[in-house]
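Generate coordinates for the entire structure from the input sequences, incorporating the hints supplied.
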Amino acid sequence: MPALAPKLLTLSAAMLLAMSLVGCARHPDRQAHVAPGSRICQAERVQLPPLPRPDCEFRASALKTVDPVGFARLKAAYERQCYRRAERTARERARRLRASNAC
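Note that the numbering used here has the sequence shown beginning at 72, numbered continuously upward.
In case anyone wonders, no lab produced these hints; they're calculated from the structure.
Check before you lean on any hint, since a few could be wrong.
Restraint ranges, calculated between C-beta atoms of paired labels, are given here [claimed, not checked]: (1) 165 / 129: 23 to 29 Å; (2) 165 / 135: 41 to 47 Å; (3) 153 / 121: 17 to 23 Å.
Each residue gets a CB set at the ideal place from its N, CA and C atoms; glycine is no exception.
As structure tokens, then:
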């Protein structure tokens, strides 16, 4: 009986190792399940027509009371603000679409 103990210990250690390795085996037949809400919203591109380019050109006649450098700064500030508003409007529009359950 004493000679059986080391063999039994070796056998149980081998079985333990085999069981732990089997637990790490990959299962290629299993498919990953994707939650329905985690899909990318494709409706945004389908439902929204492309926005027209914002008309941000400064059309006021050149002011005679302001020096040319000051006028250029005013024109650039106006156009920058106009483009920022247009971008904010586009983002808000996309956010509302995602918030509605259209996706």
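Evaluated hints:
no., hint, result
1, 165 / 129: 23 to 29 Å, "27 Å, holds"
2, 165 / 135: 41 to 47 Å, "43 Å, holds"
3, 153 / 121: 17 to 23 Å, "18 Å, holds"
Taken one by one, the earlier hints all hold for this structure without exception.
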